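So the sequences go chain by chain: A and B.
The first sequence begins at 14 in my numbering and counts up by one.
The second sequence begins at 6 in my numbering and counts up by one.
It is worth saying that the hints were derived from the structure and are not from the lab.
There's no promise every hint is true.
[To be verified] Simulated pairs of lysine to aspartate or glutamate, EDC-like, Cα-Cα distance not exceeding 16 Å:
1) B:Lys810 x B:Glu820
2) B:Lys582 x B:Glu624
3) B:Lys304 x B:Asp356
4) B:Lys369 x B:Asp395
5) B:Lys546 x A:Asp38
6) B:Lys7 x B:Asp31
7) B:Lys150 x B:Glu95
8) A:Lys100 x A:Glu112
9) B:Lys126 x B:Asp31
10) B:Lys304 x B:Asp431
11) B:Lys807 x A:Glu36
12) B:Lys150 x B:Asp238
13) B:Lys545 x A:Asp37
14) B:Lys304 x B:Glu315
15) B:Lys807 x A:Asp90
16) B:Lys545 x A:Asp38
17) B:Lys563 x A:Glu101
18) B:Lys810 x A:Asp38
19) B:Lys768 x B:Asp356
20) B:Lys108 x B:Glu95
21) B:Lys108 x B:Asp278
22) B:Lys563 x A:Glu76
23) B:Lys7 x B:Glu104
24) B:Lys836 x A:Glu76
25) B:Lys7 x B:Glu79
26) B:Lys519 x A:Glu76
27) B:Lys94 x B:Asp107
28) B:Lys545 x A:Glu36
29) B:Lys546 x A:Asp37
30) B:Lys807 x A:Asp38
Computed from a predicted model, the values in this text were never measured in an experiment.
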Amino acid sequence: MNGKNISVRKMMSEKNWISVCFEDDLFADTGVCAKVNGQQVAIFKSSRLNELFAISNYDPIGEANVLSRGIIGSLGDAVVVASPLYKEHYNLRTGECLEKPEYSVATFPVKVENGVVHVQA
Amino acid sequence: MKKRIVVVGNGMVGHKFIDNLVNHADAAQYQVITFSEEPRLAYDRVQLSKYFSGSTAEDLMLTSENYYNEKSVEFILKDKVVDLDLDNKEVITASGRREGYDKLILATGSFPFVPPIPGNKGEHCLVYRTIEDLEAITHSATQSKVGVVVGGGLLGLEAAAALKAAGLETHVVEFAPRLMAVQLDEGGGKLLRRKIESLGVRVHTQKATTEIVAGTEARYRMNFADGSHLETDMILFSAGIRPQDELARKCGIEVGERGGIVIDNNCQTSVKDIYSIGESALWQNRIYGLVAPGYHMAKVAVSHITGGSEQFSGADMSTKLKLLGVDVASVGDAHGNTPGSLSYTYSNDVDEVYKRIIVSADNKKLLGAVLVGDVEAYGVLQQMCVNGMDLPEDPNSLILPSVDGSSSAMGVDALPETAQICSCMDVSKGTICCAVQNGATTMSAIKDATKASTSCGGCTALVKQVMDSELIKLGVEVSNHICEHFPHSRRELADIVRIKKIKIFDELLDGHGKGLGCEICKPAVASILASFWNEFVLDKKHIGLQDTNDIFLGNMQKDGTYSIVPRVAGGEITPEKLIVLGQVAKEYKLYTKITGGQRIDLFGAQLHQLPAIWKVLVEAGFETGQAYGKSLRTVKSCVGSTWCRYGVLDSVGMAITLENRYKGIRAPHKIKFGVSGCTRECAEAQGKDFGVIATESGWNLYVCGNGGMRPRHADLFATGLDDATLIKYIDRVMMFYIRTGDRLQRTSVWLENLDGGLAYLKKVVIDDKLGIAAELEQQLQENIDQFQCEWKTTVENPELQKRFKHFINSDDRDENLAYVLERGQIRPAFKDERENKIELVELVD
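Build out the structure end to end from the sequences listed, making use of the hints.
Below is the structure:
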């Protein structure tokens, strides 16, 4: 591991993990929106991957807080959410918009501990 | 100096000439001037009867003033050319206007022949030729109960259809012993008569009208030579056409003994630089009363003027049309007048089908054919006849019904490249194949590229066959895969789900797909699952498949709020319910608007407000309007016989019955209905997926219409139905659509893409050709039995309401929402209004 990675990790770990809900509150393959430090965070659960994802809830193209209400799935190798407004796809791992790469959304670390969902934002 | 081309008459053929010339490579050398005595430019007279099934004069137009302006065509309307100055090469109009010409085209068409019967000039004695005539007919129909058409030919029967559509008791009086005596033989004429009479049109053959006098029970009484009589309120003469050759006659241009401007193979008249084309022209002592030969003459005249070599050498008079819903076709020598000719006849009284082919004495070539009731073979027979192709080994196969349901003994592959597939627009098989090779792989692309099948539409099936055959030759497999996750179309997925009884998405993906799915396949599969197993759409198993509109049971608007649209079946609402809607809208400051589907839309509800709002609505007796679903939207109705002076049946009652029957059923796309209480059609039912129109003899059912982006008039599917049969047919069509439609495919596109089209759909639904009618009905009934109002279920279940919150961990609302007032109601603020925070409306929590 090189020094740069370590410093990034360190920076991230400086933010606190915030508990937002129980894992059971998440329906499989849907999203919810959590308010974390004043930010709107969309959290998704993929049942097939058994994995959680967290990105900003703000759709920069439709200019509304709606991404948590999009349908998730895959396009090629990318795990994505489709905006419910105009259907652009955002990569859940990188935040990049697949159709319009000049747009992207923030991504956030997310984890489950003791059945509780935590987000760093 | 440009050559001046004056075209007298702007009918279909005159316009065709102009269109060909202005699109010719040398167009710049010509200045075109056209005169019309009618108040509008060329329109489609072939489709005139559509005026009575809802088309407007506008819909029938073949060109526009803009188009002529763009192409620098000078046009003078409502000014008839009354004289020619042949020495100075000038035309003179009724208003005294003079225009010089280098070449003159007489495209004056024809006029309806009114038999010289005493009393034929009454106010309600009309003809059927122009839009003004149609307006007069419509006007007269409002003051008439009974209508008679004099003449049982092609146009006469179209006119009869028009009177029938206008709600009149309709009679056809024909001098000859049978209907369509020119095109049909005795057997065909007999069956046509039977079919037309079963539709409620009374046919009187071998009747010669001697006089028209005042009637006792109706406006007029027609006395016949055989001593009988008929009383009627209006009379439509449709006893043939006569060439409009007055101008030529007056100026010494040669005309035929029985009328018509004599032309040669170049469409030139006896006077230099003067041509005649269309129904005014007489070629080898023959007038062609069809549009395709007229179009050909237009092409020949343009060719001659521009130095080409095209010649007119006669035309095929084959016709295929639908009269009063009855399919009729006639090819070549339909009467077997060729010496020594033989015939094969297939006659089936049960299915009401009559087919006869005339073959050469050596049994090698097809000479002609008559088809009534089933005209599927028309394309092949007509091509065979025109191209002089050899008959198949067993000519019977051309007319006998095939056992496996596939049609035509001979495929389109046997046709030569030069075969003219579309005679109206003169499109050959080679041109269509070429368009396919250049990437036109759908019917609409073929139409755009070649114009084939864009006039009368009679060749649609044949064009599709040519296209399909070419696609197969090219080895093109048009991918109809729904998305990258499933190598199947929606229809195939529906079959898999149904046959393998698959109930959850993951099972389908595991067995038949790859990846995680996406926003295309997931809702499509959800819709299929809902259609077949109709479980609660918000069941945990399916919730991840649904579009946000389905999850939150409302339509998401641009700012992330939702709209609320309760069902108002048939558009009927009590004052009490109206007040509740108003109270709710006021309390939550919702933007309120009446929709096109006769209900009320409330906009701007935040996620967390939805359950509370719906609780009030459900308690007041409202149900969800499913405006968010790919399912039945509304059944629009006019007020019908309960209140309206003109109403024939109770359209509101039927609309409510239909809306309550089909509400909630998931389909490939949204479905709209309309029910009109009479043929005035105030509910605009023919622009809907299912249109129902009341007539004296019962309900007429129209299917697969559409408004919106690509409007399509619905097709008449069945007539004179009672309530039970109407519902039975709708059940079957709807379930067949749900089973076979593609994702997001409206019924209009579905029908256009359905192999065999409307005729096939009728066979499946009315004749139960596939033997699935009972199954379709049963499946639909299961859907109906399982209906639930999703909002009622939700407001009764606190667990389900949990999702209706903007934040999972906070009761705050979305701080991004901002509204201003406009015309007394809220509207999402524009960016600058939001940034300057000017007069934002305080939101309700």
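Hint consistency between lysine 545 of chain B and glutamate 36 of chain A [alpha-carbon to alpha-carbon, up to 16 Å]: The given pair, whose Cα atoms are some 15 Å apart, holds under the 16 Å limit.
Given pair status - glutamate 624 of chain B, lysine 582 of chain B, alpha carbons within 16 Å: Cα-Cα ~11 Å, so holds.
Hinted pair lysine 519 of chain B and glutamate 76 of chain A, Cα distance within 16 Å: With a Cα-Cα distance of about 32 Å, the restraint between lysine 519 of chain B and glutamate 76 of chain A is violated, given a limit of 16 Å.
Given hint glutamate 95 of chain B paired with lysine 108 of chain B - CA-CA distance at most 16 Å: holds, 10 Å
Proposed proximity, aspartate 356 of chain B with lysine 768 of chain B (alpha carbon, max 16 Å): holds, 11 Å
Straight-line alpha-carbon gap lysine 545 of chain B to aspartate 37 of chain A, limit 16 Å: Holds - the C-alpha atoms of aspartate 37 of chain A and lysine 545 of chain B are around 12 Å apart, at most 16 Å.
Hinted pair lysine 150 of chain B and aspartate 238 of chain B, Cα distance within 16 Å: Holds, at roughly 6 Å.
Hint consistency between lysine 304 of chain B and aspartate 431 of chain B [alpha-carbon to alpha-carbon, up to 16 Å]: holds, 10 Å
Pair hint outcome, lysine 100 of chain A versus glutamate 112 of chain A [Cα-Cα no greater than 16 Å]: Cα-Cα ~10 Å, so holds.
Pair hint lysine 126 of chain B and aspartate 31 of chain B, alpha-carbon separation not exceeding 16 Å: violated, 49 Å
Restraint check for lysine 546 of chain B with aspartate 38 of chain A, where alpha carbons must lie at most 16 Å apart: OK: lysine 546 of chain B and aspartate 38 of chain A at ~14 Å, within 16 Å.
Pair hint outcome, lysine 7 of chain B versus glutamate 104 of chain B [Cα-Cα no greater than 16 Å]: Roughly 14 Å between the alpha carbons, so the hint for lysine 7 of chain B and glutamate 104 of chain B holds.
The structure fails to meet hints 3, 7, 9, 15, 26 from the earlier list, while all remaining hints are met.
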